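Asker: Sequence:
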Amino acid sequence: MKIHYTSFVIFMSFIVLNFWSCEEEPESIDCTPLASAISDALAGFTGDGSEENCVTYKAALQAAIDGGCDADSAYLAEINNYDCDCVGLEADILVASTDFISNVTTTNCTTYKTTLQSAVDGSCDPSGAYQETINTLGDCS
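Take 1 as the starting number for the sequence shown in full-length UniProt numbering and just add one per residue.
Don't take each hint at face value.
[To be verified] Derived EDC-like pairs: lysine to aspartate or glutamate, alpha-carbon spacing no greater than 16 Å straight-line:
1) K58 with D30
2) K58 with D70
3) K58 with E78
4) K58 with D40
5) K58 with D48
Honestly, the hints are just simulated from the structure, not real lab data. Only a predicted model underlies this, so the values are computations on that prediction, with no experimental measurement involved.
With the hints as constraints, model all of the structure from the sequences given.
Answerer: Listed below in structure tokens is the structure:
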């Protein structure tokens with residue numbers, strides 16, 4: 001009986017080893033093209049901080065995440081840092097602010113306040129700084 005048991009153990013060991021050796025190796029992921037796309041998109045967004053370039057940058061980050069290239073969640077954190085709907089408003093605020101500072105007129109003040117209010121209304125003022133500036137400007141008269 002001992003011979004049959006030993007044969008059975010050897011046979012089962014052979015089967016188990018075959019199953020393990022047949023497991024698929026994890027497919028290696030080449031993240032280089034995705035990282036290159038992120039770099040290109042970031043360069044475009046840095047050069048022209050438009051809403052369109054913001055969307056392109058976030059799409060490149062999302063593609064890297066979807067491609068399995070975000071092991072430490074850095075790309076996801078970067079996506080969460082940008083609200084592309086606010087990017088255009090922030091650029092508009094910068095222009096209106098510069099115009100108002102360089103030429104303090106009622107028209108420039110009103111334009112600046114209106115632009116700030118658009119950001120507040122669009123939930124682009126998480127710190128409350130834009131609302132505070134609106135309150136400081138008063139009625140622009």
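Asker: Now tell me, hint by hint, if it's right for this structure.
Answerer: Status of each hint after checking the structure:
no.: 1; hint: K58 with D30; result: 20 Å, violated
no.: 2; hint: K58 with D70; result: 13 Å, holds
no.: 3; hint: K58 with E78; result: 8 Å, holds
no.: 4; hint: K58 with D40; result: 12 Å, holds
no.: 5; hint: K58 with D48; result: 14 Å, holds
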